[in-house]
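Chemist: The residues making up each chain are set out below.
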Amino acid sequence: MAIYLDHAATAPINDAAIAALNTQMRKLGNASSVHNPGRAVRKDVEDARHKLSELVNANPSEIIFTGSGTEANNLAIKGFFWQHPDRNVIVTSAFEHHAILDPVEWLVEHEGAEQVLVPITKAGIIDLDFLENIIATRGKEIAVISIMHSNNELGSIQPIAEVVKIAGDIPVHTDAVQSFGKVEFDFQKLGVTAATISAHKVGGPLGIAALILRRGLDLTPILHGGGQEREIRSGTLNAPAIVAFAAASEFTISNREDNFARVRELRDYFIAGLKKAVPDVSINSAIDPALPGIVNATFPGTESDALLLLLDSEGISASAGSACSAGVPRPSHVLVALGLSESDADASLRISIGTTNTKAEIDQVLNIMPSVVERARNAFVVSELK
Amino acid sequence: MKLIAAMSGGVDSAVAAARAVEAGHEVIGVHLALSSNPQKYRSGARGCCTIEDSHDARRAADVIGIPFYIWDMAEEFHDGVVENFLSEYADGRTPNPCLRCNEKIKFAAVLDRAKGLGFDGVITGHYAQMQETPLGRVMHRAVDPGKDQSYVLAVLNTEQLAGAHFPLGDTVKDQVRVEAKRRGLYVANKPDSHDICFVPSGDNAGWLRDRLGSDVGPIVDEAGKKLGEHKGAYTYTIGQRRGLGITIPAAGGEPRYVLKIEPKTNTVVVGSHEALAVTKIVGDRPIWCGPTPTANTQLRGFAQVRAHGSPLACTYVQNGSEIKVDLDEPLFGLAAGQGLVIYDGDRVVGSATVAHTE
Numbered sequence: 001m002a003i004y005l006d007h008a009a010t011a012p013i014n015d016a017a018i019a020a021l022n023t024q025m026r027k028l029g030n031a032s033s034v035h036n037p038g039r040a041v042r043k044d045v046e047d048a049r050h051k052l053s054e055l056v057n058a059n060p061s062e063i064i065f066t067g068s069g070t071e072a073n074n075l076a077i078k079g080f081f082w083q084h085p086d087r088n089v090i091v092t093s094a095f096e097h098h099a100i101l102d103p104v105e106w107l108v109e110h111e112g113a114e115q116v117l118v119p120i121t122k123a124g125i126i127d128l129d130f131l132e133n134i135i136a137t138r139g140k141e142i143a144v145i146s147i148m149h150s151n152n153e154l155g156s157i158q159p160i161a162e163v164v165k166i167a168g169d170i171p172v173h174t175d176a177v178q179s180f181g182k183v184e185f186d187f188q189k190l191g192v193t194a195a196t197i198s199a200h201k202v203g204g205p206l207g208i209a210a211l212i213l214r215r216g217l218d219l220t221p222i223l224h225g226g227g228q229e230r231e232i233r234s235g236t237l238n239a240p241a242i243v244a245f246a247a248a249s250e251f252t253i254s255n256r257e258d259n260f261a262r263v264r265e266l267r268d269y270f271i272a273g274l275k276k277a278v279p280d281v282s283i284n285s286a287i288d289p290a291l292p293g294i295v296n297a298t299f300p301g302t303e304s305d306a307l308l309l310l311l312d313s314e315g316i317s318a319s320a321g322s323a324c325s326a327g328v329p330r331p332s333h334v335l336v337a338l339g340l341s342e343s344d345a346d347a348s349l350r351i352s353i354g355t356t357n358t359k360a361e362i363d364q365v366l367n368i369m370p371s372v373v374e375r376a377r378n379a380f381v382v383s384e385l386k
Numbered sequence: 001m002k003l004i005a006a007m008s009g010g011v012d013s014a015v016a017a018a019r020a021v022e023a024g025h026e027v028i029g030v031h032l033a034l035s036s037n038p039q040k041y042r043s044g045a046r047g048c049c050t051i052e053d054s055h056d057a058r059r060a061a062d063v064i065g066i067p068f069y070i071w072d073m074a075e076e077f078h079d080g081v082v083e084n085f086l087s088e089y090a091d092g093r094t095p096n097p098c099l100r101c102n103e104k105i106k107f108a109a110v111l112d113r114a115k116g117l118g119f120d121g122v123i124t125g126h127y128a129q130m131q132e133t134p135l136g137r138v139m140h141r142a143v144d145p146g147k148d149q150s151y152v153l154a155v156l157n158t159e160q161l162a163g164a165h166f167p168l169g170d171t172v173k174d175q176v177r178v179e180a181k182r183r184g185l186y187v188a189n190k191p192d193s194h195d196i197c198f199v200p201s202g203d204n205a206g207w208l209r210d211r212l213g214s215d216v217g218p219i220v221d222e223a224g225k226k227l228g229e230h231k232g233a234y235t236y237t238i239g240q241r242r243g244l245g246i247t248i249p250a251a252g253g254e255p256r257y258v259l260k261i262e263p264k265t266n267t268v269v270v271g272s273h274e275a276l277a278v279t280k281i282v283g284d285r286p287i288w289c290g291p292t293p294t295a296n297t298q299l300r301g302f303a304q305v306r307a308h309g310s311p312l313a314c315t316y317v318q319n320g321s322e323i324k325v326d327l328d329e330p331l332f333g334l335a336a337g338q339g340l341v342i343y344d345g346d347r348v349v350g351s352a353t354v355a356h357t358e
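Chains U and Z supply the protein sequences, listed in that same order. Note that the first sequence covers residues 1 to 386 in UniProt numbering. Note that the second sequence covers residues 1 to 358 in UniProt numbering.
For the record, the hints were derived by calculation from the structure and aren't laboratory data. This structure is a prediction, so every number in the text was calculated from the model and none was measured. A few of these clues could be false.
[As the list claims (entries may be wrong)] Computed list of lysine-lysine pairs in DSSO-like fashion (alpha-carbon distance at most 30 Å, straight line): (1) Lys324(Z) <-> Lys280(Z); (2) Lys104(Z) <-> Lys173(Z); (3) Lys276(U) <-> Lys122(U); (4) Lys280(Z) <-> Lys264(Z); (5) Lys276(U) <-> Lys264(Z); (6) Lys104(Z) <-> Lys275(U).
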């Protein structure tokens, strides 16, 4: 029995992506070469770019391919910061992904940046009043505002259109890695300056993502070389991954509404069952508006790493918080930003349901959950006594 | 059995885990993160607390084919081992943190958590041998005298011993390395760890001075006559002869040795080699690593006071709260706080902490 409930970490690659990879990997040619094979690969890359731009409602030239969502986020944060030497403030939410928070912290440490964190309300939404106030008082100092489109641990969708409205001329970036392919994501309608999307969350391959950057804008690059992507990102274009990214996205988005309804139904079924199986569980994740498959729950009197170990030994994959580079579990900064105590944050799991999950799988997880929680509590009591 | 293999990232724990799997046990690998900031205790590739070591442990677990997790024991390690190490030195004693770690972390915090999660025990790569006897489980020295670690394990009580598994005790280290290579474990040639893991520089005295202070104080003879000055009492160890910087020679011209460190008055006492001689040792906090020896009865055995020290023939008596040892031949230089381990031949009888000596 293997039940995968960690779709927010990475999703299974879909057949469309595998087929695209398989075909494209056999084609010889560097998309930057002028000869015939090079031009053929270039056409495939540009077809993919075109397809992807339609899926996010952007102009093809607004798609800048990168090697990962992390790279795209770094490019946005550092690029906008360096592009505006007269502005040193970077505004983000307190519960951004580390791929946003860490580059900002690096700029604070090394480049004289100042970080302003927008707090999170109990509903898992950024505090718009705080944001409005900081823009009103320090707007001229702000180099970039970066607020995620939806939170990866809570599923809560953020009011990005509102942020854009309040921001005025200040560039707004949104990390849409979790939203893309699951809920509506429309680059032009949102009006953001830049957005990050990634292939492996939508059934595409690892190692390919994109920064969508409004036309005519320049960003200071972080990688220098051939200048392949609008002189903003260098590196030989990863044609097979790019083509598969577009194919995977097209497949996923063509089924988006059905997927949303199905995954959401499984999520609601899981939450209802979990409350029966573990009566003192509390649910931290958002219900609506939210990503369909994210459940974040606190199991009082446990430690998440014990829960994960026990679930893993039953063949069930879930996740919790994040880990440092040595792999040491840390309480989730997202849950702490939401107002949970460190011990509650440490007793929480994220279960992310995807399109490949079934009701039978959810039933199996619900069956095993009481004994898993009980054993995790035994281990916790013992370690606390010492 | 369901067992947790504590995997440091070194060759011994990797082979120990592999052997347990081969013996048919259900094994899960766990690497203990002992520092809240892994960079803080960074020590290159010498066996403890680094990102590289946790990756080495993960890689070994993957090659063996067992699940692998990292357990955060930084708080327990800091409170139970590092703080104790400092406070013992501050009180003028010389602790052994490896003994403490085995007693409070590996076979306490880790073993308890393992049991809570439904596991039967903990496997480590320590070199010691277990034997099942009609009186229960007992521990013997390892086959490899150079690697024998029964001394640092003598702090385990019978309950801890029952949950401990040391698959390497019957093998010499060179063979363990050969076996690691045969099993495709890339840590086969990783160097052994030696020093105290949380003092990565190996400069124990400097590490202590940084934390406990380096106030200048007097160096005196046994009569209390000042002979010179020291730069922080924690720099010195009992029995030390070199680097005392005393300019006034002894009456007979014989060399002087550190006899005593008195942290309260920040004084280092020096004297002759004969003054270092110890024939009687009293240890407190006794722990019996198997059947409890008959109380208030003189018994013959061997005392060992250092991890790689020699076993010293002795007569010992235990009264429930103390072990009193009479050595057949004097021992030169023994500090309070050191671990006193009693052996019956190769069998570990138990241990105590050196309280005072005569």
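Chemist: Look at each hint and say if it fits the structure.
Modeler: Verification of the supplied hints:
{"no.": "1", "hint": "Lys324(Z) <-> Lys280(Z)", "in the structure": "holds, 7 Å"}
{"no.": "2", "hint": "Lys104(Z) <-> Lys173(Z)", "in the structure": "holds, 26 Å"}
{"no.": "3", "hint": "Lys276(U) <-> Lys122(U)", "in the structure": "holds, 24 Å"}
{"no.": "4", "hint": "Lys280(Z) <-> Lys264(Z)", "in the structure": "holds, 25 Å"}
{"no.": "5", "hint": "Lys276(U) <-> Lys264(Z)", "in the structure": "violated, 61 Å"}
{"no.": "6", "hint": "Lys104(Z) <-> Lys275(U)", "in the structure": "violated, 38 Å"}
Hint compliance for this structure: hints 5, 6 are broken, all remaining hints hold.
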